[in-house]
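Asks: Make the full structure from the sequences, and use the hints.
Protein chains in written order, with our numbering: chain A, 46 to 861; chain B, 32 to 255; chain C, 32 to 309.
Keep in mind the hints are simulated off the structure, nothing from the lab. Quick reminder that beta carbons are idealized off the backbone N, C-alpha and C, glycines included. Misleading hints may appear alongside valid ones.
Stretch-level coverage of chain B by chain C, calculated; a stretch enters the list once three of its residues show a Cβ under 8 Å from a Cβ in chain C [said to hold, decoys possible]: (1) 101 to 107; (2) 121 to 128; (3) 152 to 158; (4) 169 to 179; (5) 210 to 220.
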Amino acid sequence: MGSNPASNHPISFKWITKAMEKGAKLICVDPRFTQSAAKAHIYAPLRSGTDIAFLGGMIKYILDNNLIQREYVVNYTNASFLVNPAFKMPGNNKGVFSGLKDGKYEKDTWSYQTDAEGVIKKDVTLKNPNCVFQLLKKHYSRYTPELVSKITGTPKEKLLEIYQVYGSTGKRDKAGVELYAMGWTQHTVGVQNIRTMCIIQLLLGNMGIAGGGVAAMRGESNVQGSTDHGLLFHIWPGYLGTPTASLKTFKDFNEKRTPKTKEKDSLNWWKNTPKYTASFLRSMYGTNVTLEEAYQLMPKLDDGGNYSWLTIFDEMYKGKFTGFFAWGMNPACSGAHSNKVRQALAKLDWMVNVNLFDNETGSFWRGPGMDPAKIKTEVFLLPCASSIEKEGSIANSGRLMQWRYKAVKPVGDSKPDGDIMSEIYLRVRELYLKAGGPLKEALTKLTWPYGKKVGHEFHYDPRTVAREINGFFLENKRLENPTKKGEFKEFKKGDLVPTFAWLQADGSTSSGCWIYCGSVNEKANLAMRRGTKDVTGLGLYPEWAWSWPVNRRIIYNGASVDPTGKPWNPQKAVIKWDGEKWTGDVPDGAGNPGSGRPPFIMKPDGVASIYGPGLADGPFPEHYEPVECPVEKNLLSPQKNNPAIKRFDARGVGSDLDVYSGVESCDPRFPFIGTTYRVSEHWQTGVLTRWCPWLAEMQPGMFVELSVELAKERGIANGDKCIVKSARGEVEATAIVTPRFKPFSIDGNTIHELGIPWHYGWITTADRKYENNDKKPEVNTFGDAANLLTSTIGDANTMIPESKAFMVNVTKKGGK
Amino acid sequence: MRRGLIKATSAYERFVHWLLAISCLLLCLTGLGMMFHSLNFISVIMGGMKAMKNIHNILGLVFGVSLVLAIVMWWREAGIFVLPEDWEWVKTAGGYLWHVDKVPEVGKYNPGQKMFFLTVALFGAVMFFTGIIMWFPLSFPVELVRWMYPLHALGFVIIFAFFFVHLYLGTIGSPGSLPAMLSGWVERAWLVKQHPKWLKEMEHEGKLEVYGEEKKPAADKENV
Amino acid sequence: MLQRREESKMAEKIKLYDDAKCTACRGCQLACKQWNGLKAGQTRNTGNYQNPPSLQPNTYMFIHFQDYVDEGGNVKWLFRKEACMHCTDAACVTVCPSGALYYNKEFKTVGLNREKCIGCKECMMACPFAVPCYDAATEKIYKCDMCESRISNGLDPACVKACPTGALKWGDKDAMLKTAADRVKELGGNAAIYGDKFVGGTHMMYVLKEKADVYEGIKKDPRVPFSVTLWKSWLKPLSLLAAGGVIAGSFLHYVIHGPKRPDPEDNNIPNEKAEGGK
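Replies: Structural data, given as structure tokens:
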């Protein structure tokens with residue numbers, strides 16, 4: 046649900062197929078009957094944007110039919126925690142939680158009840174009306190199958206069938222896993238979609254066990270690596286939060302960001318935060334400056350500031366940027382509301398486009414509707430090497446860091462990104478040293494031991510970087526073993542740190558990303574391993590590459606055993622106590638049997654959150670309609686949309702280009718739900734795949750899949766050229782009329798949905814202008830970006846655009 | 032050439048015959064080279080299998096043209112059975128299979144020869160048209176094309192059988208016949224044996240040409 | 032153990048395609064193009080993911096995408112890998128004049144030596160599955176050869192190697208037949224093997240979850256065309272008989288009956304001799 050792995054993660058489907066060969070049942074819930082649905086045992090249609098309704102109904106079913114794994118729920122989740130009695134929920138608070146003010150939640154009423162010592166009050170019988178469990182039950186009591194069916198368009202029998210099948214995994218000898226992707230994240234309730242599933246998995250005891258979990262099917266092979274290493278604005282590598290301006294000193298920062306807990310048995314692993322922040326600062330500046338100075342040199346976020354994608358391009362459109370590095374990306378096609386992005390690029394003085402080929406971003410100035418004479422942006426195209434032309438690692442959905450080798454030399458003058466970045470850095474540094482300037486020391490004091498100059502060129506060495514990411518000692522140190530009291534170890538300056546347990550807060554260690562500490566030792570870079578032993582028989586393969594943290598394969602596997610240390614399912618035990626130690630997977634969170642340590646050690650209270658007050662839009666997921674939606678009201682409550690999202694349609698927030706339809710009420714100009722998705726043959730905006738003739742031959746152009754009924758209504762025959770249009774833009778597409786899309790019956794109304802792939806762009810089409818030096822595709826593709834249609838409304842927590850549900854119209858080209 | 036030989040065929044007749052015969056022979060040769068893998072070696076002197084196919088195709092056109100010329104030239108004399116004499120001749124197998132005192136006299140071409148002509152005309156045409164379709168199979172429905180191959184093969188079987196008999200009887204099986212198609216001048220005795228009625232007709236119509244002698248006028252004119 | 036495996040590397044083998052496991056990721060279609068160095072052609076979407084739309088000189092295999100609604104009203108999306116079926120009784124091998132198409136002795140697959148191909152297109156007419164494709168530019172035939180260079184070196188065909196789900200398998204004939212039979216039992220319903228009962232058995236075999244005739248473009252009752260049998264099995268031997276018979280007959284006639292000789296006296300012109308007869 047929320048993904049289509051058969052199409053978009055074909056290798057993952059190898060393992061799904063194996064699971065099915067062993068008797069696993071595959072359930073597929075999707076607005077469209079996809080390639081995954083074609084392999085599934087059960088398929089159910091679902092209107093885009095109504096996943097929480099669907100899953101909320103499942104929660105109700107699980108609770109009503111007592112399918113929970115009770116011992117797990119009581120001991121390993123916050124189901125027993127008592128919540129502030131002043132806490133109000135959407136059911137009797139006009140569709141919102143208590144504390145909503147000006148589009149933001151003040152969370153005072155979301156707090157827990159604590160005793161005099163500050164320890165959270167609990168009711169392990171789960172009967173207290175203010176305990177999380179009862180609040181959960183009350184909240185989802187409104188999600189009856191009848192109402193859910195009306196909202197989602199899923200037939201009631203299908204809902205119950207799926208609830209029953211999936212709910213059966215609550216038994217101790219059963220497990221269920223959920224695979225999600227952009228189908229869940231690209232909504233204004235994206236994070237809450239995933240949260241709802243987490244709640245279900247916790248109720249069923251499916252987290253931390255073999256065959257369980259909530260698995261993110263990443264959109265790129267190394268996006269896991271990109272978040273691990275802090276490429277997003279709000280985190281430093283290792284998921285440390287970026288400091289905000291109000292945290293004036295390093296001490297303040299550590300103080301504020303290190304979670305504390307009064308739960309005496311909770312390990313609260315994030316209490317080690319100062320060790321990781323210190324080690325990270327050392328990896329940036331070494332001993333060139335003190336820790337405090339290093340902290341001062343690091344950039345800070347404005348308090349409450351948001352620097353995510355939608356904001357960046359909004360600011361860019363408003364002329365706030367001089368320059369832009371489009372590094373390995375194609376915003377002119379990948380950005381929601383591509384027209385706004387393309388116009389925004391025209392406001393820049395300069396842009397550096399680092400990519401393998403020319404693309405719609407680098408050449409935005411000569412794209413459709415652009416007048417080069419009126420655009421001042423100077424564009425530099427730096428050709429870079431592809432992943433097979435250089436060495437390095439990628440991290441996949443399983444947190445596996447896998448080493449990759451250079452197979453061929455980069456073509457022509459293209460260079461690995463590391464080389465390019467290093468060259469740019471070194472020259473900027475030189476300029477600073479010569480001429481000074483603002484933030485000089487932030488750059489000149491950086492250490493840059495990442496390779497060496499060969500002739501004129503700097504050659505970045507990923508193996509050196511891997512060592513720095515792992516971390517090493519900056520001075521000689523004698524330390525007590527954090528896991529064996531009384532045992533001491535001597536380290537010399539330059540020694541690699543064995544695991545992050547040895548990292549220090551005093552600046553004596555350096556580590557580029559604490560979660561990768563342990564990935565490199567003196568003998569080997571463990572990411573290079575290819576061992577295929579599988580001792581547990583669970584498919585963990587502990588000697589294949591290396592996974593963070595500390596090569597643990599299933600995180601929170603401490604939850605796979607009961608509080609006395611016995612596996613819930615001895616046939617599929619992830620960890621087993623042999624009398625002295627845990628065997629099997631690297632144990633996570635499990636104290637010695639009977640220690641009483643709750644296994645979710647990254648949570649301050651040690652238990653998993655069924656109730657999640659940390660999110661911006663509510664501690665329990667609630668169904669809200671997509672901002673552009675086909676219904677007049679939310680059948681669940683008077684609150685139509687997520688109240689905590691940033692409204693670019695509000696006055697003074699967005700721009701003149703941020704137009705929407707179907708927000709307050711349905712817009713007859715755009716009566717159908719539009720959604721976007723992928724095909725196996727292309728990747729992302731097709732910026733690489735459209736140039737590959739074999740791939741372009743298989744999927745040569747933009748298409749729109751729509752139901753037989755809608756096609757008939759619009760007079761569209763299979764293969765006809767159509768125009769798909771939203772309030773923001775339009776694309777031409779070939780119609781694929783198919784019974785795999787069916788109209789939804791939403792509260793008695795027929796609502797149509799159609800879908801388009803987002804892989805296309807004008808640069809490989811036949812009808813664009815090619816200059817003499819332009820690369821010409823061997824096989825032309827047809828059509829421009831799907832994102833010309835999508836809207837600039839993002840999730841309340843992550844600001845991911847709602848590309849999976851917006852309102853469109855479709856007409857036959859040349860027709861009415 | 033010596034005195035006394037009688038003209039049996041014109042240069043044109045011989046040209047058409049040999050054009051037809053040689054193209055047919057080469058078609059058989061190249062065709063056999065494609066029909067039996069054990070005979071693929073024939074392609075060596077043809078310049079390869081592909082060249083052999085091309086030669087076969089082009090020769091097919093030559094064959095077609097010469098077949099038309101042959102039919103136009105001979106259909107009246109060799110393509111029409113004259114009764115009752117042709118049937119009488121057939122009943123004696125022309126004297127070829129058992130001793131016959133007197134073989135019934137038939138016109139210029141005996142029924143055996145007529146059968147051969149008709150066979151070549153008919154099956155030659157079949158070979159030509161099936162060949163054309165086999166040459167451009169993509170221009171015709173596949174169900175039709177599939178039957179062209181066995182038909183072409185059948186045509187070959189039949190033509191070859193008749194051809195070999197023709198070869199035998201045109202050479203050692205009937206001494207004196209060969210010059211008819213080489214120099215065009217034959218022995219009178221041969222005419223007497225093989226085509227007595229034709230000889231009489233030629234003498235009668237004044238068409239007899241004897242080498243070294245002047246053409247005699249038509250017999251009936253003489254008797255005026 | 033090792034030796035047996037080595038020996039079995041050269042045994043008769045089958046490529047088994049299990050449509051229920053196929054996700055139509057088309058890794059196979061691309062691997063085939065890559066291994067065989069085939070060029071891509073300009074295509075356009077005509078209302079289907081399927082592209083190129085059919086087998087071509089530069090497309091040895093492709094995946095069918097078919098929307099299907101069964102009798103129960105259930106929507107399905109059927110996928111089918113179409114390529115040379117590598118028949119045991121291969122009509123194409125039977126008709127090929129130059130021997131360009133041949134049976135691989137170890138694996139019993141149908142190989143193609145394009146150097147020998149003369150472009151006569153007889154194979155195209157003979158193939159019950161309409162597989163061979165002709166390229167007018169090179170005047171030659173193109174089709175899947177079961178990656179002969181790979182299988183002869185103990186490797187799997189490229190498509191099999193690329194397949195992530197095991198929808199494609201390559202193995203000894205008996206083992207694959209057993210796998211297919213077990214799979215049919217496991218699937219139940221209308222599932223059946225396609226390819227074991229005609230043309231002597233195919234070396235590209237399917238396990239199909241739905242009834243075979245539901246799959247668009249599939250040949251429902253493929254067989255070696257009767258015209259091919261008539262020609263190759265009957266007429267060809269007959270031709271040898273006929274030729275031999277005629278030659279022998281002529282020889283016998285010459286030695287037994289003797290040639291028809293003219294009488295030399297008839298070279299003179301006595302009038303009574305012109306009456307004919309001896």
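Asks: Looking at the structure, which of the earlier hints fail to hold?
Replies: Hints 1 and 3 not satisfied by this model.
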